Amino acid sequence: MRSSRSSIMFILAAVMILIMITISACTNQKQIKRQDFAMGTAVDIEVYGVNAEKAVQKVFEKINEIDRLMGVNIQDSDVSKINKMSGISPVKVDRQTLYVMQKAVHYSQLSDGKFDVSIQPLVELWDIGHQKDNDIPDEQKVKEILGYIGYQDIEIDEDGCVIFLKKRDMGIDLGGIAKGYAADEAAKILKDQGIKSAFISLGGNIFVIGSKSDGSPWKIGIQHPRKPRGNVAAVVEVEDKSVVTSGDYERFFKSGGKRYHHILDPDTGYPAWTGCISATVVADRSIDADALSTSIFLLGPQKGLELIENMDNTEAIIINDNMEVLVSSGLKGKVKITSEDFKLK
Amino acid sequence: MKKGDIIALILIAVAIISAFLITNLLNKEKSPDFVEITVDGKLYDKLDLRQQDLKKTIKIQQDDGKINIIEIETGRARVKEANCPDEVCVNTGWIDSPGETVVCLPNKVVIKIIGESEDIDGISY
Chain A
13 MRSSRSSIMF ILAAVMILIM ITISACTNQK QIKRQDFAMG TAVDIEVYGV NAEKAVQKVF
73 EKINEIDRLM GVNIQDSDVS KINKMSGISP VKVDRQTLYV MQKAVHYSQL SDGKFDVSIQ
133 PLVELWDIGH QKDNDIPDEQ KVKEILGYIG YQDIEIDEDG CVIFLKKRDM GIDLGGIAKG
193 YAADEAAKIL KDQGIKSAFI SLGGNIFVIG SKSDGSPWKI GIQHPRKPRG NVAAVVEVED
253 KSVVTSGDYE RFFKSGGKRY HHILDPDTGY PAWTGCISAT VVADRSIDAD ALSTSIFLLG
313 PQKGLELIEN MDNTEAIIIN DNMEVLVSSG LKGKVKITSE DFKLK
Chain B
1231 MKKGDIIALI LIAVAIISAF LITNLLNKEK SPDFVEITVD GKLYDKLDLR QQDLKKTIKI
1291 QQDDGKINII EIETGRARVK EANCPDEVCV NTGWIDSPGE TVVCLPNKVV IKIIGESEDI
1351 DGISY
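So the protein sequences, as listed, match chains A and B. When we follow our numbering, the leftmost residue of the first sequence carries the number 13, and every step to the right adds one. When we follow our numbering, the leftmost residue of the second sequence carries the number 1231, and every step to the right adds one.
No wet-lab data here; the hints were simulated from the structure. Computed from a predicted structure; not experimentally measured. Keep in mind that the hints are not guaranteed to be accurate.
Below 27 Å or equal to it, Euclidean Cα-Cα: the simulated DSS-like pairs (lysine-lysine) are [to be verified]:
1) B/LYS1232 to A/LYS239
2) A/LYS203 to B/LYS1310
3) B/LYS1233 to B/LYS1276
Simulated coverage check for chain A against chain B, where a stretch passes if three residues somewhere in it have a Cβ under 8 Å from a Cβ of chain B [stated by the list, open to error]:
4) 48-57
5) 177-186
6) 241-250
Don't be surprised by glycine CBs; every beta carbon is placed ideally from N, CA and C.
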């Protein structure tokens, strides 16, 4: 026989059990949240797990090591040595630098030369985001510098772990890929320490391990390309993925109604005006997401999306200059537009 | 249905509806409530932006001469002046909604607006 009292008792018991589960789920997990500055950007790490403290420490050591190897502004980094010896002699480098360079060249080939780490002389000429006077460089000078740009003139000797830039005035800049590599290495360290849930942001390059501590997927916002940092255009839910965005709003200046941003086209020598204002890639590895987000930005919405559709486990969210959001097939229905400024195409 | 079952059902319904309302009310709260200032990753100051007639200027002077002057008013904050080379932080201007940040990379100063609850875990930019 069921009386009202036993029903109520049953409900009370069920509620108590639910509350207990919720509380234990929250307290069992130790959470560590840290912000530091490395690779010229803010690094945020959020880790849940028993070895969290030690793991986070190791991650920051690793990121600093990668910066010392690949920082273009660090005097004795591998990258600086390679640039100094361009056209003179091959340079012996760390295995990690070699790996990142091989990946970079791979993406140069994949993007028909649009993604090109030998863009450095052009980056230095424009100096977008650093110079105060916002000068557009002399057209003749841009043309001259285009002559030293080309990934085909990068020689990589895998066995000898040696890299050589064939032309004297060449230079490389791993800014479009090194953060991705660092995020992958950070995730590897955390996983090796037994961490099952973590969030890593290397200046907006995001890598999430597992799901959130409550078991739900991580909600990652895509920066609104025309509003201050922290405003979101769309949200995507992910687990065990890297999310990287390239946009024309990070470093730029305006002149004559045009937006001179930091993503330079190695074919024209000018900022890439392809109709893309933001390109996000969701992939298993951050090095791929990093290189691909820049690649599709440079290729433009149409070609960029085609490139992504031909790759496994790789998806993209592109915002074009009509404020339309284009989503690759694997993310259809999984991207939520959160700002009225945009509509799904 | 017995009388007890009906009471139980009503109780369940009330519990579910109130839980739903509470979580919804908490999540919908999108007003700028706090501003958090960090220097080199460490919390420097946290202020309640809901205070009426709030007007405050905070000068952050670091040992190596790096200076940021932060201005805080009811519901908003900005970097007013800085001696960093690029002044990206100053040019960002006022921020006033939860999640918005001003980052001064050279001086490692970050100001962030925090709401009651943030419904996303991170931003890709």
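Now for the hints, and whether the structure bears them out:
no. : hint                   : result
1   : B/LYS1232 to A/LYS239  : 58 Å, violated
2   : A/LYS203 to B/LYS1310  : 42 Å, violated
3   : B/LYS1233 to B/LYS1276 : 54 Å, violated
4   : 48-57                  : holds (count 6)
5   : 177-186                : violated (count 0)
6   : 241-250                : holds (count 5)
In summary, the numbered hints that this structure violates are 1, 2, 3, 5.
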